[in-house]
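Protein chains: 2
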Amino acid sequence: MSARRQRKQDSSVTTWWCERAWLPHGLTQGVRIVVGEDGRIDEVTPGVQPGDGETRLRGVVLPGFANVHSHAFHRALRGRTHDSGGTFWMWRERMYALAARMDPESYCDLATAVYAEMALAGVTCVGEFHYLHHGPGGARYGDPNAMGEALREAARRAGIRLTLLDTCYLSAGIGVPLEGVQRRFDDGDAEGWANRVSALADDAFFRVAAGIHSVRAVPADQFADIVDATTEADGARRPLQMHLSEQRSENAACLAAYGVTPTRLLADHGVLHSSVSAVHATHLTPEDVALIGGSHTSTCICPTTERDVADGIGPSRDLTDAGSSLTLGTDQNAVVDLFEEARGLEMHERLATGDRGRFAVSELVDAMTVYGHAALGWPEAGRVEVGAFADLVSVRTDSVRTAGVLPEQVVMAASAADIDTLLVAGRPVVQDGRHLLIEHPGHMLVEAVDQAWG
Amino acid sequence: MSARRQRKQDSSVTTWWCERAWLPHGLTQGVRIVVGEDGRIDEVTPGVQPGDGETRLRGVVLPGFANVHSHAFHRALRGRTHDSGGTFWMWRERMYALAARMDPESYCDLATAVYAEMALAGVTCVGEFHYLHHGPGGARYGDPNAMGEALREAARRAGIRLTLLDTCYLSAGIGVPLEGVQRRFDDGDAEGWANRVSALADDAFFRVAAGIHSVRAVPADQFADIVDATTEADGARRPLQMHLSEQRSENAACLAAYGVTPTRLLADHGVLHSSVSAVHATHLTPEDVALIGGSHTSTCICPTTERDVADGIGPSRDLTDAGSSLTLGTDQNAVVDLFEEARGLEMHERLATGDRGRFAVSELVDAMTVYGHAALGWPEAGRVEVGAFADLVSVRTDSVRTAGVLPEQVVMAASAADIDTLLVAGRPVVQDGRHLLIEHPGHMLVEAVDQAWG
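Note that the protein sequences, when read in sequence, are chains H and Z.
With the working numbering applied, the first sequence covers 11 to 464.
With the working numbering applied, the second sequence covers 11 to 464.
These are computed hints drawn from the structure, not numbers from a lab.
A virtual CB, placed ideally from N, CA and C, is assigned to each residue, including glycine.
There could be a bad hint or two in this list.
[Said to hold, decoys possible] Residues on chain H that point at chain Z, a partial pick, calculated with CB under 8 Å:
1) T38
2) P60
3) H92
4) G96
5) F98
6) R102
7) M105
8) A239
9) I323
10) V371
11) E373
12) D408
13) L416
14) L446
15) P451
[What the hints assert, rightly or not] Where chain Z lies over chain H, by a calculated footprint (3+ residues, C-beta under 8 Å):
16) 64-72
17) 213-227
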């Protein structure tokens with residue numbers, strides 16, 4: 011019974027009945043969920059039969075998924091970087107070619123289609139690691155945040171929540187100036203970055219947060235200004251992400267320039283914190299693991315990207331055991347399927363260690379949902395409980411992929427194609443596997459990718 | 011223009027037009043494919059517009075996929091082995107519990123649904139590694155091949171081709187007798203195995219072949235009888251598979267008992283041969299790689315299983331370079347998606363080596379199609395060319411997964427859910443992503459898995 015129960019008779023209240031719902035204490039049968047007009051959950055009643063006027067959600071109902079680390083424009087690289095040897099350098103060259111072409115309009119079109127694909131995959135909130143700030147050559151747009159605003163609009167059209175991880179990106183390497191297309195990323199210094207970002211405003215579906223691209227791209231003497239900019243008057247900190255030790259070459263460069271690992275450098279400058287997410291965290295020393303875990307910094311693992319770009323396998327289990335919450339990201343969006351990311355987390359651990367069962371299924375679900383939303387600055391999301399956003403994902407259990415699995419292990423078998431219904435703050439965005447706001451996301455993607463490549 | 015062209019006016023001839031088809035020399039636009047009444051391709055004409063009476067196949071048309079190594083009954087383990095620590099030993103215990111329950115009728119029901127799932131994933135031929143031969147305690151069925159015949163019937167119902175890799179399984183370990191449920195596998199010795207198998211007959215969609223479970227399960231002094239049984243009067247050999255060095259413990263046991271690696275043991279007994287497939291081949295010495303490659307033994311990689319059961323990553327690229335053709339298998343059927351297996355092959359190499367582009371896309375397609383069919387004893391399948399079986403898979407290029415990819419790289423993005431149409435020997439088995447012979451494979455799987463667990 012809820013303190014918000016009085017709303018139940020309100021005509022704007024909606025009631026859903028779930029055959030099985032993933033509540034904070036585990037998968038539960040026969041759950042009634044009452045949603046208020048503010049899109050939050052007013053009541054959760056387990057162990058009940060469906061009543062009149064209640065809409066059934068089939069299969070297994072999970073909290074909405076958080077996609078903690080995305081580069082939306084990389085979606086246009088999918089299936090376009092595996093020819094001619096398919097090296098990392100070719101991937102990088104095409105990525106920059108694409109970055110050179112985007113403008114606020116084409117970026118909005120592409121990101122709308124990408125976020126629609128995410129909605130179809132059960133994502134209720136995406137963290138966009140955004141550094142494509144300025145026009146060609148670094149020229150400011152009329153609104154210097156035009157690109158960030160394009161992403162806000164894209165998420166609005168696709169019906170999902172967005173945390174804009176507006177990212178500071180000042181150098182091409184330690185002591186190496188930005189050049190060519192990279193000049194589009196350049197705010198001059200952390201102060202310039204902070205001034206620009208300060209003009210962005212939150213809304214009900216959009217929160218402003220921050221990124222340090224990496225220790226390669228931001229000098230350590232700029233870190234303090236960035237942390238300051240993310241710190242509220244009451245001392246609370248907005249989310250902050252950085253790529254961390256994705257490749258060994260970053261560690262080598264950092265050791266050469268600063269004499270310490272990237273993790274140690276961040277720790278020494280007061281960056282590590284429970285509001286911060288280290289992305290990838292692949293090549294760490296035991297001391298790095300202890301620093302991340304001890305500061306309760308989250309770690310965002312992006313398994314489908316880490317295998318695609320041949321990063322290697324990071325110490326995910328060790329990070330968890332040290333005190334870091336794990337979250338998941340689709341990163342380059344070569345795959346948009348949070349189930350695949352969750353399984354990748356577990357499967358890569360199995361490949362690296364030779365042991366099964368490195369993570370409990372519930373730990374994978376937490377990474378997909380509650381920890382992910384918290385890392386994106388939405389602590390009121392990612393749980394099916396009173397007061398939380400009514401973000402619900404129903405997963406079919408009768409597809410050829412999910413048929414016969416135990417409902418509590420559906421995450422180990424389902425794919426994005428098995429998402430039946432998605433509610434974002436109580437609003438149906440996907441139903442019967444179809445996006446309700448965008449008629450044909452596949453066609454929209456074809457057009458947007460074509461447009462992006464010109 | 012084809013020698014079989016005269017059939018074109020035959021009323022039983024069917025003509026298909028492909029927007030893009032994967033021909034032996036590469037992806038080709040506007041391809042007319044004429045299929046004769048015998049289900050073979052009579053004509054392949056590239057660079058043409060669609061004509062009247064031609065049925066269009068949308069997206070990218072690939073040759074049918076070969077699933078070279080399957081344990082159909084393991085499908086009932088999907089999403090049921092990740093609780094309570096999810097160790098390998100728990101997986102193994104449940105696998106045996108399941109094996110103890112199957113009978114010819116329930117096995118036919120389950121395998122029919124599993125093979126229907128495979129058809130929906132584009133599989134035109136499956137290699138079933140079959141050792142569940144006898145009743146409880148090892149009692150012979152009235153027809154001692156009742157279980158193998160159940161598999162033949164299952165594939166027939168599902169509309170796909172089957173190679174029965176009837177597998178000799180004589181011991182629980184080197185010098186360790188079979189016990190409990192394992193007695194169902196026991197033919198006493200290779201001669202007993204060969205006598206039973208000799209009663210099985212090929213048909214147009216079914217070929218009899220062989221398996222040596224592993225060097226753990228078959229004493230080396232039995233190998234010659236098995237090779238003899240697979241050798242035809244003209245000296246040609248039927249396919250033969252064995253699990254090889256899947257785990258380090260097998261290597262250790264083999265070295266202790268025989269003083270050589272499993273690969274060396276097989277080589278010394280004349281087993282390695284171009285008709286043979288080594289399955290997994292994960293933990294090999296450089297000499298093992300040279301022996302496999304030098305004998306042109308194929309290697310069947312099962313990436314989704316190898317990561318699930320924590321085997322590790324084998325030297326796939328090295329095997330290819332040494333002369334081994336790679337093929338793919340879904341093995342335990344925790345995943346039934348040949349695209350995922352093909353990507354797994356490449357991605358695991360990337361994780362192990364830190365390099366992208368370890369295999370060309372065309373090598374992955376060859377593994378999925380022509381090499382796979384050859385390894386299963388169907389050299390007339392797996393290619394879109396005159397005289398080959400008309401096994402065609404059309405893959406949608408407008409789903410959210412495949413939209414925007416280059417058609418020649420669709421394998422790097424597609425999933426089983428993107429299969430639109432499947433022809434097996436010219437017969438449509440899947441259309442619009444729906445199985446034409448089985449109304450709801452998902453429901454059939456739910457029932458069959460429930461029945462399997464009782």
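Verification of the supplied hints:
1. T38: T38/H check fails; min Cβ-Cβ to chain Z is 16 Å, beyond 8 Å.
2. P60: With a closest approach of 21 Å, the P60/H hint is violated.
3. H92: Cβ of H92/H sits 5 Å from chain Z, so the hint holds.
4. G96: This interface hint holds because 3 Å falls under the 8 Å limit.
5. F98: holds, 5 Å
6. R102: Hint on R102/H: violated, closest Cβ of chain Z at ~10 Å, above 8 Å.
7. M105: violated, 13 Å
8. A239: The hint is violated - A239/H has no Cβ within 8 Å of chain Z, the shortest such distance being about 36 Å.
9. I323: holds, 6 Å
10. V371: holds, 5 Å
11. E373: violated, 11 Å
12. D408: holds, 4 Å
13. L416: holds, 5 Å
14. L446: Constraint on L446/H not satisfied, violated at 15 Å.
15. P451: holds, 5 Å
16. 64-72: violated (count 0)
17. 213-227: violated (count 0)
The structure fails to meet hints 1, 2, 6, 7, 8, 11, 14, 16 and 17 from the earlier list, while all remaining hints are met.
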